[in-house]
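Protein chains in written order, with my numbering: chain Y, 1 to 114; chain C, 1001 to 1117.
Warning: the hint list may mix true and false statements.
[What the hints assert, rightly or not] Covered, in the sense of this in silico footprint (three residues per stretch, anywhere, with C-beta under 8 Å from a C-beta of chain C), are these stretches of chain Y: (1) 26-37; (2) 42-48; (3) 51-63.
Since the hints were made in silico from the structure, they are not lab data.
Even for Gly, the Cβ is constructed at its ideal location relative to N, Cα and C.
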Amino acid sequence: EAQVTQNPRYLITVTGKKLTVTCSQNMNHEYMSWYRQDPGLGLRQIYYSMNVEVTDKGDVPEGYKVSRKEKRNFPLILESPSPNQTSLYFCASSLSGANHYEQYFGPGTRLTVT
Amino acid sequence: AQKITQTQPGMFVQEKEAVTLDCTYDTSDPSYGLFWYKQPSSGEMIFLIYQGSYDQQNATEGRYSLNFQKARKSANLVISASQLGDSAMYFCAMRGISNFGNEKLTFGTGTRLTIIP
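Use the sequences and the hints to build the structure in full.
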């Protein structure tokens, strides 16, 4: 089954404790992306990757890191989480190179930073 | 820079009526695509419909149609004969490819649609 998986689905952590949210897709997509969803703000792109070893900042990259060492995986790293990073996070993937490629979303990760 | 504006935070519509969800956009990319996604209360993101910037005809997918007016930079979603299951959050999104080949996606703030029996 074609899918994007994220882990963990739910996470409660404390300020400053490094964490990683994993994202994996099995569709051989070049393009992968991370979003955060906050009430009233919609989805905002954090980072995206157009292929292996190619990553770029989205609209809200501060406080986040990513890496793309393999085509299927695109982990999101929070080196020192803060309460303002409490949010719902989505990973998505798609083919690349044309506008009509829809994104496939993971189920979301709800993160709470206390 | 890309921007998507959805001016309706919430809408209430009677069941079986048609509903239009507004979306305006701004971009400097020479080519772009416009998407609508549905997010039910369960949280997943469901792709509904796509319109390309060079498409001459408005896109349709079942009960969904996209009213694309390029000169006005609008891409409104029309749902015909609304159903209770249409109650959800709806997001308009744009995908653009810059002259440098960067692909960027931008979402609007969403419209929460509630269908009244």
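For each hint, the structure was consulted:
{"no.": "1", "hint": "26-37", "verdict": "holds (count 3)"}
{"no.": "2", "hint": "42-48", "verdict": "holds (count 5)"}
{"no.": "3", "hint": "51-63", "verdict": "holds (count 3)"}
Checked against the numbered hints given earlier, this structure breaks none of them.
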